[in-house]
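Q: These are the residues of each chain, in order.
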Amino acid sequence: MQAVATQPQAGRKVAFRVRLARAAAPYLLILPGGGWLLLFFVLPLLALAVTSLESGDFITGFKFDLNFTNYSFGIQLYSPQFLHSIEFGGLATIAALVIAYPAAYWIAFHAGPRKSAYLLIVLLPFFVSFVIRTLSWETLLGDFGPIFGPLKNIGLLPNDFHVLATPAAVSFGLAYTFFPYMLLPVYASLEKIDRRLVESAEDLYSNRVDVFRHVIFPLSLPGVFAGVLLTGIPAFADYVNQDFLGGVGTTMAGRVIEQQFEVDTNYPLASALAFVFMLGLLAMLLLYQRFFGTKDLIGD
Amino acid sequence: MAAELVAAREQSRFRIGSWILPAYTHLVIVWLFAPIVVMIVFAFNDTHGKLNLTWTGFTLKWFEHPFAIPTLTAALYTSLLSATLAMLISTTLGTMIALAVHRYHFRGRGILDSVLVMNIAASEVVIGSALLTLFIAFNIPLGFLTIILAQVMFSIPFVAITVRARLAGFDPALEEAAQDLGASPFQTFALVTFPIILPGVIAAALLALAICLDDYVITSFVAGNTDTFPLWVYGATRLGVPPQVNVIGTFIFLGGVLVSLLLAGARTLGNRKAEEDADG
Chain A
326 MQAVATQPQA
336 GRKVAFRVRL
346 ARAAAPYLLI
356 LPGGGWLLLF
366 FVLPLLALAV
376 TSLESGDFIT
386 GFKFDLNFTN
396 YSFGIQLYSP
406 QFLHSIEFGG
416 LATIAALVIA
426 YPAAYWIAFH
436 AGPRKSAYLL
446 IVLLPFFVSF
456 VIRTLSWETL
466 LGDFGPIFGP
476 LKNIGLLPND
486 FHVLATPAAV
496 SFGLAYTFFP
506 YMLLPVYASL
516 EKIDRRLVES
526 AEDLYSNRVD
536 VFRHVIFPLS
546 LPGVFAGVLL
556 TGIPAFADYV
566 NQDFLGGVGT
576 TMAGRVIEQQ
586 FEVDTNYPLA
596 SALAFVFMLG
606 LLAMLLLYQR
616 FFGTKDLIGD
Chain B
731 MAAELVAARE
741 QSRFRIGSWI
751 LPAYTHLVIV
761 WLFAPIVVMI
771 VFAFNDTHGK
781 LNLTWTGFTL
791 KWFEHPFAIP
801 TLTAALYTSL
811 LSATLAMLIS
821 TTLGTMIALA
831 VHRYHFRGRG
841 ILDSVLVMNI
851 AASEVVIGSA
861 LLTLFIAFNI
871 PLGFLTIILA
881 QVMFSIPFVA
891 ITVRARLAGF
901 DPALEEAAQD
911 LGASPFQTFA
921 LVTFPIILPG
931 VIAAALLALA
941 ICLDDYVITS
951 FVAGNTDTFP
961 LWVYGATRLG
971 VPPQVNVIGT
981 FIFLGGVLVS
991 LLLAGARTLG
1001 NRKAEEDADG
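Here the protein sequences line up with chains A and B, keeping their order.
Quick note: the first sequence, position 17, residue 342 per this note's numbering, numbers continuous.
Quick note: the second sequence, position 220, residue 950 per this note's numbering, numbers continuous.
Calculated from the structure, these hints are not laboratory results.
Being a predicted model, the structure only gives us computed values, none of them experimental.
One or more of the hints may lead you astray.
Claimed, not checked - Listed below are the simulated DSS-like cross-link pairs for lysine-lysine, each with C-alpha atoms no more than 30 Å apart in a straight line:
id, chain 1, residue 1, chain 2, residue 2
1, A, Lys517, A, Lys440
2, A, Lys517, B, Lys780
3, B, Lys791, B, Lys780
4, A, Lys440, B, Lys1003
5, A, Lys477, B, Lys1003
Just need the whole structure built from these sequences, with the hints factored in.
A: Structure representation (structure tokens):
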């Protein structure tokens, strides 16, 4: 300030330049990455929205004419597949939560100094390519594979028993595929619970069940919902698990979208179906933000 | 007497409770590793036909010629190259975003946050089909370039969030001190900021590399006729996946394990050193 007062002209200029640089700095830092996301994430979504309201076909060309029937027609035509998505995706999310929560709880509260080692071990399998992992499940769950083959040979299971090609196999595969997206946020929310809260509840004569019900579980809810969101959304739309582990009658909506794009080239219909997922995602995110903010989804 | 009884009951209850949860956690770990074990075991399978689904005897021959299938090797090369390039770009851009968000308050931050969250949460099918729509609309030929464009796009948010988590514990006073002592902004970044965030940047880069190498859905939409490793494997499922896939998958897995063990070891050493410094 002293310098500015004694040399008003030059000082003010420098101060102005510093202030300008300060104001511009965050935008300059964000520009390349933000620009990339704008061009190859936001803009494509807009293109998808526009295409979903077009009509025409691949040969004669597409025309933008606010053709909302793509939505009504698409949802009507593929309602069984959308129902499958909701059913299998929902089951997978519940299964992932039920499997992940107790493990995350034990690692966060009782694994002691081996906490990070356990967390690492739990995440190691996901270094293997997703396609290979799903393929391995197909082998494992095969009708005469390493699990059911021996059981059938000794007569513990009837010969026509099968898990592959059932909704259970698909849901189970989805739960496996997206398991880290459930485990990590749940673990993070449990890990950062202040241990003094748990101790004071115990000092006030809560038993272990009450401590869990009234202290630990409510405090872990943001993580649980973040996990449900991050597992559920990709699980609804996945089609790889269904392709490997499902059967003829288990097609999900993600597959329909892929087929419409790659095989039938009905881009408006495919875009409309895809955008239905986007709208569902937006609705879920808005609900989440309303209750918990974005902190537990992306940290602060 | 009564007090002893209560204590005894407490103890037995704790004893039951104390083995159920760890046993359960280890069971979950078995479940998580089951398909990995299958992949590794079947890399040693002496299969003769095209299907590698049933055990027919032990062999090491697939490890002698892991690159015997030219198209598979080419796909692996494409994967490694595109994932490495995408990693370098997205780590740079994502780290810049993390620095901006950590250091400054600015207009539009809420929008940026929403875009990052949406990018992570959006279904791959939606992102893939949206990108394809864009590339079709602007007549951009599908191939290696579009794969890079896509992979950088979906890994930037993961990098930004990982680096930001590391920055959360970073005291801005350190940067101010450096500047008070006459360091230029560049010197401050190179000598103070960067060494401190480096572990976070490395972790973010590895995460980016892993998700780019692994991606199937988005890449399959934008790849055109180019094959990456996951795309090749997926295509091969129709005819039977050769054991070379298991061998390469095992190598990739072991590479990931090795890198994370090295990182974990380095972190433990770093922490111990920091503690000793603090004690001394």
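Q: Taking the hints in turn, state whether each one holds.
A: Consistency of the hints with the structure:
1. A:Lys517 x A:Lys440: With a Cα-Cα distance of about 13 Å, the restraint between Lys517 of chain A and Lys440 of chain A holds, given a limit of 30 Å.
2. A:Lys517 x B:Lys780: Violated, because 51 Å separates the two Cα atoms, which is more than 30 Å.
3. B:Lys791 x B:Lys780: With Cα atoms ~15 Å apart, Lys791 of chain B and Lys780 of chain B stay inside 30 Å; holds.
4. A:Lys440 x B:Lys1003: Status holds; Cα separation ~20 Å.
5. A:Lys477 x B:Lys1003: With a Cα-Cα distance of about 57 Å, the restraint between Lys477 of chain A and Lys1003 of chain B is violated, given a limit of 30 Å.
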